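S.K.: Here are the chains, one letter per residue:
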Amino acid sequence: MNRKTILKTIVNTLKALALPILVFVAFAILTNGRSSSQRMIMTTLRQSVLPMLVCYSIMLNMVVGMINFSAGAAILLSGIVGGSLALATGTGVLGVVLFSTITGISTGALTGFIYIKLRVPCMVLTIGLMLAYEAMPRLVYPNGVNLTWTYTTLAVAPYCFVVAGIMIVIFYVISNLTAFGHNLRAIGSNQAIADSVGLNSDRSKFLSFLCGGLFIGIAAAMYVSTNAEVRPTTAIGSMVIMLDGFIGMFLAMFISRYCNLAIAIPISVVTMKMISNGFVSLGMSATIRDVTNGVLLLVLLTISANQGLFERMKQNKLFAQKADAEYQSTRTQ
Amino acid sequence: MKKLVVLLLTVCLLISSVACVAYGEDQGTGPSYKFIFMYYTFADKLGSQFKSCMEYLGEAFNVEFQFIEGSLDEEGLAAIEAAVAKGDLDGIMVVASASPALLTIAGDIPVLAVCNAPASEEMVAEAVAFPNYLGAIYDSDYQVGYAAAQGLYDAGCRKVCLAGLTQGLTKSHDDRATAFIDFVNEKEDMELLADNYSYGLMVEAIGSFAAAYPELDGIFCTYGTDAILNAMRTEGLVGYAKLATVDVSSETGTYFDNGTLVWTAGGQYGTAMVAFAIMYNYVIDGTRIIPDPIVSMIRPFIQINGSDAFRNYVTYVDSGEFVYSADEVRDMIHYYNSEADYDYFIELGENYNLEDIQARHGE
Chain H
0 MNRKTILKTI VNTLKALALP ILVFVAFAIL TNGRSSSQRM IMTTLRQSVL
50 PMLVCYSIML NMVVGMINFS AGAAILLSGI VGGSLALATG TGVLGVVLFS
100 TITGISTGAL TGFIYIKLRV PCMVLTIGLM LAYEAMPRLV YPNGVNLTWT
150 YTTLAVAPYC FVVAGIMIVI FYVISNLTAF GHNLRAIGSN QAIADSVGLN
200 SDRSKFLSFL CGGLFIGIAA AMYVSTNAEV RPTTAIGSMV IMLDGFIGMF
250 LAMFISRYCN LAIAIPISVV TMKMISNGFV SLGMSATIRD VTNGVLLLVL
300 LTISANQGLF ERMKQNKLFA QKADAEYQST RTQ
Chain A
0 MKKLVVLLLT VCLLISSVAC VAYGEDQGTG PSYKFIFMYY TFADKLGSQF
50 KSCMEYLGEA FNVEFQFIEG SLDEEGLAAI EAAVAKGDLD GIMVVASASP
100 ALLTIAGDIP VLAVCNAPAS EEMVAEAVAF PNYLGAIYDS DYQVGYAAAQ
150 GLYDAGCRKV CLAGLTQGLT KSHDDRATAF IDFVNEKEDM ELLADNYSYG
200 LMVEAIGSFA AAYPELDGIF CTYGTDAILN AMRTEGLVGY AKLATVDVSS
250 ETGTYFDNGT LVWTAGGQYG TAMVAFAIMY NYVIDGTRII PDPIVSMIRP
300 FIQINGSDAF RNYVTYVDSG EFVYSADEVR DMIHYYNSEA DYDYFIELGE
350 NYNLEDIQAR HGE
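Those protein sequences? They're chains H and A, same order as listed.
Numbering follows numbering that gives the first Met the number 0, in which position 314 of the first sequence is assigned residue number 313; successive positions increment by one, without gaps.
Numbering follows numbering that gives the first Met the number 0, in which position 110 of the second sequence is assigned residue number 109; successive positions increment by one, without gaps.
A few of these clues could be false.
[Unchecked claim] Here are some chain A residues the structure puts well away from chain H; computed CB gaps all over 12 angstroms:
#, residue
1, L7
2, F129
3, E203
4, S318
5, H333
[Said to hold, decoys possible] DEER-style ranges, computed between Cβ atoms:
#, chain 1, residue 1, chain 2, residue 2, range
6, H, A131, A, E190, 43 to 49 angstroms
7, H, G282, A, G29, 54 to 60 angstroms
8, H, A131, A, G238, 53 to 59 angstroms
9, A, S337, H, G89, 57 to 63 angstroms
10, H, V123, A, D330, 52 to 58 angstroms
11, A, T9, H, L130, 45 to 51 angstroms
12, H, D194, A, L168, 44 to 50 angstroms
13, A, E54, H, A87, 26 to 32 angstroms
14, A, G155, H, G282, 54 to 60 angstroms
[Claimed, not checked] Just so you have them, the derived chain H footprint on chain A, three or more residues with Cβ under 8 angstroms:
#, region
15, 37 to 43
16, 190 to 196
17, 207 to 214
Read the hints as simulated data drawn from the structure, not as lab findings.
Small disclaimer: the values here were computed from a predicted structure and weren't measured.
Using N, Cα and C, we set each Cβ at its ideal position, and we do this for glycine too.
Build the full structure now, drawing on both the sequences and the hints.
M.R.: Here it is, written out as structure tokens:
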């Protein structure tokens with residue numbers, strides 16, 4: 000690795016960490032240290048695990064231009080089924096993880112299969128499946144699940160961080176070290192070209208749902224461990240489960256310009272949680288907090304969407320000056 | 000042979016018809032009616048209590064219930080409309096505000112709003128214009144929020160936080176939160192450190208409160224679940240902060256015993272039983288218990304402020320025996336008890352507490 004590459008890596012790392020550091024310092028100053036206490040840092044990190052897993056799940060689809068609105072409902076379904084089966088079999092925390100993961104992967108496979116076969120736009124399909132997945136637990140477990148204390152170990156530190164670390168590695172491997180990950184990026188860049196060079200888009204998209212189901216399963220285990228008592232919901236009530244991860248996804252796409260996506264996602268969700276907890280520490284009323292949160296997100300996304308704008312304007316100006324100079328020189332000749 | 004078969008089949012048909020009629024008449028006392036009871040879910044604790052007590056009263060009073068899960072959205076209204084279209088419905092009880100759309104669909108069928116404060120005075124005024132609107136009966140959410148704050152104050156809490164349901168989602172939770180804040184504002188030595196409103200993220204809110212405010216000594220949640228109670232433990236607040244909630248869950252006793260939970264409330268299904276009496280009064284002989292439906296009938300929650308009270312609650316409210324027996328509900332029916340009028344119902348509400356239930360049903 001030469002000096003230029005090292006320098007570029009350092010600069011990109013600083014750019015990736017600039018926003019979370021800025022948020023941390025700003026709130027630490029504004030809250031006289033309340034938001035920078037060790038307890039708050041640990042709480043923020045702990046609260047970031049679930050949205051991070053949700054974000055990983057939906058990002059695998061987002062890379063190829065698909066939005067999966069059924070992730071929250073799939074988490075709910077997997078959590079209720081996984082938790083109930085773990086209780087029934089007496090398999091403890093491992094049972095919660097195992098059964099939730101199996102259910103999560105099954106929902107991913109089902110979603111992918113239906114998408115490939117029916118050719119329904121992903122947004123439409125997943126909204127419909129969201130309602131279906133919300134209703135499914137009622138067929139078998141109408142009262143939801145109520146885990147006892149011994150089954151909820153996964154939600155506390157350091158176990159939640161162990162889970163987070165493992166899933167970060169798994170996502171990194173899937174996304175960067177497998178042909179599947181490269182294929183996803185190729186399809187996401189230009190599906191027509193990807194198809195023409197022989198990539199199987201259908202297979203890759205199906206696998207993106209399947210792999211997303213793995214993260215959904217683990218997220219479900221975390222969700223049911225955190226809440227202990229989970230009941231079926233209706234009328235897209237499950238959207239709240241995936242909301243933080245969904246919003247974090249857009250910020251992650253902005254930060255991923257400077258670092259790997261597997262790292263950008265935890266950075267983005269931690270940043271969002273720091274903002275949220277920072278406002279709580281400030282003692283702001285909930286209304287002002289929500290408005291400020293929304294405006295801040297809008298500003299970040301606007302910067303993200305228009306990041307190259309000034310550069311393009313500058314280049315256009317330079318190009319125009321160069322073209323004008325050449326024209327003038329031809330005229331004088 | 001064919002004539003013999005026809006004769007046998009006709010006899011079978013007649014016998015079965017007579018048997019059904021006889022069976023129907025043997026169930027409960029009084030004429031047979033059919034009511035709808037709508038609630039957003041019968042899977043949770045309160046929903047299952049609603050269903051159980053309605054089934055109990057239905058059996059005692061010969062009322063067939065059709066339970067509809069949902070709210071008064073398009074889907075819910077369509078379900079009610081389908082039931083109305085069958086032509087055999089006698090009453091509609093909804094745990095929601097009675098909207099003009101519902102009242103229009105119901106036609107002549109009486110509608111009663113149960114256990115849900117009207118969304119606004121304008122909505123009540125619109126509903127009152129419909130002759131089939133019997134009124135609303137609900138538990139006082141403002142009173143319960145105020146009492147919860149009092150409970151925390153009595154437990155020595157002065158630095159408190161509030162976690163509620165998303166604002167605007169349901170008036171009952173908004174009223175609880177408003178009352179809590181009003182109480183805190185009235186007390187010079189009490190301070191609201193932070194509030195948070197979310198749908199299903201109260202556990203996170205408790206974590207954020209605990210992390211941001213080490214001086215926190217009390218939390219009020221506008222509803223209570225095992226997740227919220229367990230969050231007090233996972234966030235290390237047991238022994239450091241007190242909790243007040245509304246609703247009872249499976250871990251309520253545990254957290255009363257360890258001193259974390261200092262106040263909660265429940266028993267809302269009793270109001271539904273009284274609502275049944277209001278509806279039955281109307282369908283049996285046209286008696287309107289609520290004389291002017293623009294004024295709703297408000298009843299208190301059952302307040303629980305300690306382990307002993309909780310044990311009494313479990314014994315007399317949540318152990319299979321209902322807060323009102325069929326005979327006590329019969330006394331609320333003007334057809335059977337001429338003293339059953341609006342003042343009688345008001346007195347019932349004023350006396351509604353654990354001691355009252357214990358006195359009526361105790362050994």
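S.K.: None of the hints should be skipped; say for each whether it holds.
M.R.: Status of the hints after comparison with the structure:
no.	hint	verdict
1	L7	holds, 42 angstroms
2	F129	holds, 26 angstroms
3	E203	violated, 6 angstroms
4	S318	holds, 18 angstroms
5	H333	holds, 38 angstroms
6	A131/H with E190/A: 43 to 49 angstroms	holds, 47 angstroms
7	G282/H with G29/A: 54 to 60 angstroms	holds, 59 angstroms
8	A131/H with G238/A: 53 to 59 angstroms	violated, 45 angstroms
9	S337/A with G89/H: 57 to 63 angstroms	holds, 59 angstroms
10	V123/H with D330/A: 52 to 58 angstroms	holds, 56 angstroms
11	T9/A with L130/H: 45 to 51 angstroms	holds, 48 angstroms
12	D194/H with L168/A: 44 to 50 angstroms	holds, 46 angstroms
13	E54/A with A87/H: 26 to 32 angstroms	holds, 28 angstroms
14	G155/A with G282/H: 54 to 60 angstroms	violated, 22 angstroms
15	37 to 43	holds (count 4)
16	190 to 196	holds (count 5)
17	207 to 214	holds (count 7)
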